[in-house]
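Chemist: Residue strings, one per chain:
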Amino acid sequence: MIPLLLIIPLVFALLSVLLPRLPIKAIAIPGLVLQLIASIQLSVHTYKHGASDYALGSWEAPLGIALHANGFTVTLLTLTAFIAIVCAVYALIYLKRYEHEQRYFWPLFWFLLASLNGIWLSGDLFNLYVGLELLTFSAVGMVALTANKASLQAAIRYLFAALLGSLGYLAGVALLYGQYGTLSIQEIALISTSDAPTQVALALMTVGLLMKTAIFPLHYWLPPAHGGALAPVSALLSALVVKASFYILAVLWLQLAPDAISPAAAQVLGALGAGAILWGSWCAFRQPDIKMLVAYSTVAQLGYLMFVFPLSIGTSAAAAELAWQGTVLHLLAHAFAKAAMFLSVGTLVLAIGHQGIKDLAGVSHRVPLALFSFGLSAVSLMGLPPSGGFNAKWLLLQSALSSGQWWWFIFILGGGLLTAAYVFRVFSVSFIEEARHKFAPTHWLLDVSALTLAAAAILLGFVSQWPLTLMELVPGVQS
Amino acid sequence: MNAWLPVAVLGTSLIASLIIFLVPDAKQRLRSTLNITAALVKIGLVAWMVFGIYQQELFETRFTLVPGIDFVLRADSLSMLFAGLSSVLWLFTTIYAIGYLEGSPHRSRFFGFFSLCVASTMGISLAGNLFTFLIFFEMLTLSTYPLVVHRGTQASLTAGRTYLRYTLGGGAMLLLGVVLLYSYAGPQVGEFAETGTLRAATSLDPRTLAAIFVVLIIGVGVKAAFVPFHGWLPVAMVAPAPVSALLHAVAVVKAGAFGIIRIVYNVYGIEFSAQIGVLLPLGILAAITIIWGSMQALRQMELKKRLAYSTVSQVSYIALGVALFGPIGSIGGLVHLLHQGIMKVTLFFAAGNYAETLGIHRIDELDGVGKRMPGTSLAFTIGALGMIGLPPTAGFISKWYLGIGALEAGMAWALGVLVLSSALNAAYFLPILYRLWFKPVRGAWPDEQIPAARFETDPWLLFPTLATMAFTIAAGLLASHPWSPLTWATLISVREYLP
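Note that the protein sequences, when read in sequence, are chains W and B.
My numbering puts the first residue of the first sequence at 1, with every later residue one more than the last.
My numbering puts the first residue of the second sequence at 1001, with every later residue one more than the last.
Please note: incorrect hints may appear among the correct ones.
To be verified - Label-pair ranges, simulated between beta-carbon atoms:
hint: 1; chain 1: B; residue 1: V1494; chain 2: W; residue 2: H49; range: 53 to 63 angstroms
hint: 2; chain 1: B; residue 1: W1413; chain 2: W; residue 2: W406; range: 33 to 43 angstroms
hint: 3; chain 1: B; residue 1: G1231; chain 2: W; residue 2: R97; range: 16 to 26 angstroms
As the list claims (entries may be wrong) - Interface residues of chain B toward chain W, partial, derived using beta-carbon atoms under 10 angstroms:
hint: 4; residue: F1137
hint: 5; residue: V1178
hint: 6; residue: A1274
Please keep in mind that the hints were generated in silico from the structure rather than gathered at the bench.
Ideal Cβ positions, reconstructed from N, Cα and C, are used throughout, including at glycine.
Chain B on its own, in the form it takes in the complex (with noise of 0.2 angstroms):
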């Protein structure tokens, strides 16, 4: 059975997929029916795995795809705190998408490749070495592209152009990456291990691993949006809301973040990666995207374009934590993988909502909407607090350790990108919510087409936004819970900086 769990879990999502793509688009209960079904099994799959995790059981699906070279799935704490995110937000944005889509064209089209889209993000938390990774790093981008121009309008189309000319030269990369680690140093180095595979092998050239690193690095820091790789996403905002909530805060960057976190953790090892140095270039990195992506997210007027370049800057935070040589800059980093998610699928939720009810995509449209949907807009107040790094919320605990860790790792610079960065959220964030709840309302709504009834709009867009604000709370208040993801990432930290 333990050998059959992972596959299981894989592949709840892609029969779902194969399914829900035969399924005639006026049947919408039936294929509504499917999706959630799909998604609470996944759920309790997961749970079933993190449980046996807890009990030091194995999981481990293996067998050779090529000589030489396996297809592995396998369980890890690591893998779990991704998967577990994933599977958690896909009910959510599955049920909001359902409520966002409804009466429009091709919906087995698009929840489809959405199912699709989230067995390749099970299949990278899941993947036990480099290679497995890259397979289903690559599925991610095919089932993503047909997402992105759902529309099939001019801009779509240009958009969807753009997102593959980045992710496959991306792809390409690491692949070439890969081939280059396993020819140059072996496949066993590529099977993802608690401290990394590479320091046992202390007979290889470190400047030619180092290059290697930076080859890796720039493969998955196209996903991961890093500056200047980061053209792709902005662009990606033509396609509907409940798309771009799965590619920012689940499935697209953060499978860069995560790769970037295995390569480092459990490839290269973070002992080993701060022998060879590259540890500092990847944190300057990081740095960097941090502060460009706040700056350009205060230029922007609209309001998804501004999410977006908000996006940029937070999954970088990931990295940053990576980076901090230490466990608790380790813990910042991967607990925000979490917590970021789950504060940003808030804000593009609550994004959509504005949109599809109101018609608003302007940041300057949105005066006084706060009266008009009190609901929503305090889900975005809670995200953007979130983002700001305000206790009580999740992204406040993120960024505590993240600066503990900056002043632990000796990395004093780090705290002060921290505190421009928050001072910078703030800046972008804050005149949105003064709109939302002081500013008298300008008249009538640009587009209005949800009126308010019961409740503010359609229950199937509001219900999912409330939950993950809760999530975003409860994050951060029961941060010491022992089920938390604070705890969850510690455990792995405490793992990886075993001697």
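Next up, chain W with everything else stripped away, as it sits in the complex (with noise of 0.2 angstroms):
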């Protein structure tokens, strides 16, 4: 089952690749529901027996691919494979209009899909940063997909930073291998100590790490990146791309050398987990431009995702459990949320045929079901009840008091008002009568894509217990 999950990918990117002539639209969506169905297997598999492994080509570990699935994991890869599917049909609509760069769309896209998986998947440092670069390359070429001048600079920006990032991440890893002779994260965690070598290692590697996930201040990159890309583009790299550098971060601060880290500088990381909320709430607030409030606002949300560190390390098991709980929750809504809320300012800005926020006057009444999803998703942003959001944003709060860190309650709590303050600037200009526009029609599957990820993100809501289950199986991740 786990090298299914690398090889449908790779071998639809290979198919798109070689064989251009393929209708490979046409085969997308099975390829994806073989994908979905493999990944809902692997959790059935994993939530029965546990933490699994698997050597590629019957390589045991030191030599060969060591491939490794846990609760963690299998939860990753169901998300990556059911937003895929959604963003693949909105993509399908979408794209008709972009019939040039539907061509080179699609291997992307799949390219993508395979470094996601594979670094899920993966459980050494060389391989994590194999797909680290190969996700970067993709993405990158995904936000060049229009190639006109802003996003080729986009493009260009985001590769620099990302090049950068991965710079400082392969120069750690070398450390750590000259230190410890291994690049298994299993082997290291057993062995590491917290020597300068280490530190140093684990340094540089964060650096790298919190460029690639755009955290302030180093985000400078993305918000033109994701702002400007194609909505379905968009919506993949601000659900799931990100992501993938932070579980990264998260496996070597709390999995790979806990000793080596400090208190203090879990603190640092929470700091700029806050500088991150206010910062990118008020780029959001002042934004005049729909999906560059959209972008800021990932900027905003991913600054949650830093506050996993200083409530978890050096606090008790009881308040960490509850971070991790919290953080994997809101790295969930937040993937469901900001996916359905690019595809719907996809299918507004479609609809008027401009993306300012003033332009958006009139929407309520006829593009009602986009703005809908775009309601929805911003319910779960914003931490308001019900929804993936709260509980997540619940069990963040419920960890800050019980780690006796109220500063960091304050951000959280604060945040879901800044986060209100920008995303009502949408709404109050939705319910003007007037429209300024005319307004085109729009394919009714492109609402559906977008509804079905809002949907997911407060249902969500109701079924956090799901995921929380499965993660309890993550050996070693729970202190």
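Join the two chains into one complex using the hints; note that each chain is given alone, in its own frame.
Modeler: Pasting the structure below:
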């Protein structure tokens, strides 16, 4: 089951590169369904039998490529497969007007999925690096799809930032290999100490990954890239791609070398998260362009992920568990909600033909479903109940209280109000009666796909127990 | 079945809301049928639960939401008080709104959020613990915002912003309080139980609990329009009349008042609240709000604004009743939850009728309207007399019990507040009644839209008004009947003060 999750996207990627005449669009959905089934089956297997390892080509761990599936990774795999399939349905309709871009979209899309699955599954530092690089290139390619001046500029900025990040990460990997003679995360975790090389390595890797995750103040590349890309691309980037580098960061800090991390360093990461919430929300509040607003919202929302470090390092086991559960829920809820938001905004922009927030006047009557999806996803982003975002916020708040760190409490609570401040700008305009523009009709599948993801973000508020039950199967991560 | 009934009650308006969103604006009849059917089904289901509770049946839905925290819908006697009020008034407000909005744009959006708003109210009444209460409390904020800004004018957008600032801020305070309470005392104290859950936990520091109490009360107090958190309410008057009726009588302010009741009776427990000394400050806050609201109402010349400040004042009667330590005062507070609802909805319906039929918005335009619109004016008169507290209206029953309760609790100053407030009520309502019935007409109406035909106005507007007027009298005249609001409130109060 495990290798299938790499093979499916890679085969489709190769097919779409090598045989461009093939109706790759037509087979995309069956392929994605296959991938979704495979990830669900792996989740069920993990739920029943616990974590499992797989050595690719029967080469055992030190030499070959070792794949590892636990409760966390299968959750991420399923999330990826689900969001990918919805975005693909959206893209099939949305890209009809982009004949040229479409040819490159699908290969990049499949490579993106392959690298994401590879990152979730891989158990050693070098494979993670390979996955990150492949992810970067496919993501940058997708940003550059439209090949106009703005998108190329954004793509170049993204590329430089990502390569710089990779450099830091790779240097850290080299240092660790020199120190411990292995790249397997499980093995290093057993023997890791808190000596100087390990700390330098971790520092380098952390800065690299913060860059790739676009954590304030290293976020400058994200808004133009996410805000300027085509709607389905923005959705994939904000929902999944930035989460991959966060995932690696979390593995490094919480699993690989917990002894080498000081609580003070964790506080620094928390402070960056708080800065991201404040700065991202402020910028989102100031944007005249709705896609940029959503992109800055991503900058702000990524800040919450950083709180897992101060809340779970150097605190009680109970607080750490709450923090971890809250962070995972936030990751899932944000993935659903932000993908839904980018897709619904894409539909709105398509219908209006403009992307200024002022141009949204009159949409509540004319494009109601897209606005409704936007609203549902905003509920989750604001952390209002009932939604996955609310449950995540609740767990983080409890964790902040039980670890006695009231200062994070303020940011978590206040962040929701800041989010409300910028999303209600959009609603407020949408209720104005007279439209400024003529509205073009949009395909119903666009609405359905955005609504599906938005509904998932809300429903997550009722079934939070499912991913969290799977999570408890992660060995080593819960302290 | 008993596990599903609370979900079904919630579901009727939730599903109705989702379907209504999809109905095209032009299909008036389909939408109205849906609306009224859902409202009737809900009343039926609530009645079923009320009978069940009389026979000591248990209606509960429960599942785990996040580790250690359950989502609980449970029907107890207190929740039936609020659910009964909302389901009955929803029916009448819906009928009224159908008439009121006839021909105006965006009706599907309006009625969709209208139903969603009632679904939230139902959730608030059925919530079995603080966490679930919080969920629906926030949902109410979100579903009422589109109703407040419904007209899409600059004024309504500004009002919407003010409304959000207050209510989202209040919601954040409530969240803060609930998290603090759950973390400090454990999630089990959030479960609503008769006589409260905190009494048993003697190991906790009363001063911390009192501080958390303050945070919680501020959280719900914003919606209950306590001074100084009442600023949103008069501003939100720009919304259409049925929305004002809904906000004032059933949904938003009542959700706040109901939250206070839940926190005092079912979380802290009335005796424990008295022990840690939070009742007196609550009572004083309520008293200030009562007087302040009435004084402001006196200064308003716009009919809806005057009614709005009157709401600020009247809702705090409920909190005052809660703060009076003693069963009689509690009865007064609880029964006022219902009585204020039916009286205020009558007044707002009447005000809406004046505006829709004759274009009257200001009080000095009301001269001699009684002859032109006798039914509406009669309803307004009964509602106003109820607010003043004259027998045989429902308002008299509330004030009677509150007054006796104040004396019984040894808080004679509260009686003084009641008397002063009644005098102020009379001062701002009686001049209106005088204008309605005794002053001559001042020439043409400002903007006559519905000519007098068989009825003085559209029957969709008139009959709900008369119906709620009838309730106002019935609740007063038949107060000792076994199915009256008073009997039900007495039942709750007696259980609350059981040893």
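Chemist: Does each hint fit the structure? Answer for all of them.
Modeler: Here is how each hint holds up against the structure:
1. For the pair V1494 (chain B) and H49 (chain W), the beta carbons lie near 57 angstroms from each other, so the given range of 53 to 63 angstroms is met.
2. At roughly 38 angstroms, the beta-carbon separation of W1413 (chain B) and W406 (chain W) lies within the given 33 to 43 angstroms, and the hint holds.
3. A hinted range of 16 to 26 angstroms is violated for the C-beta pair G1231 (chain B) and R97 (chain W), which are about 48 angstroms apart.
4. Against a cut-off of 10 angstroms between C-beta atoms, the interface hint on F1137 (chain B) holds, since the closest Cβ of chain W lies about 9 angstroms away.
5. Nearest Cβ of chain W to the Cβ of V1178 (chain B): about 9 angstroms, under the 10 angstroms cut. The hint holds.
6. Hint on A1274 (chain B) is violated. Least Cβ distance to chain W is approximately 28 angstroms, over the 10 angstroms limit.
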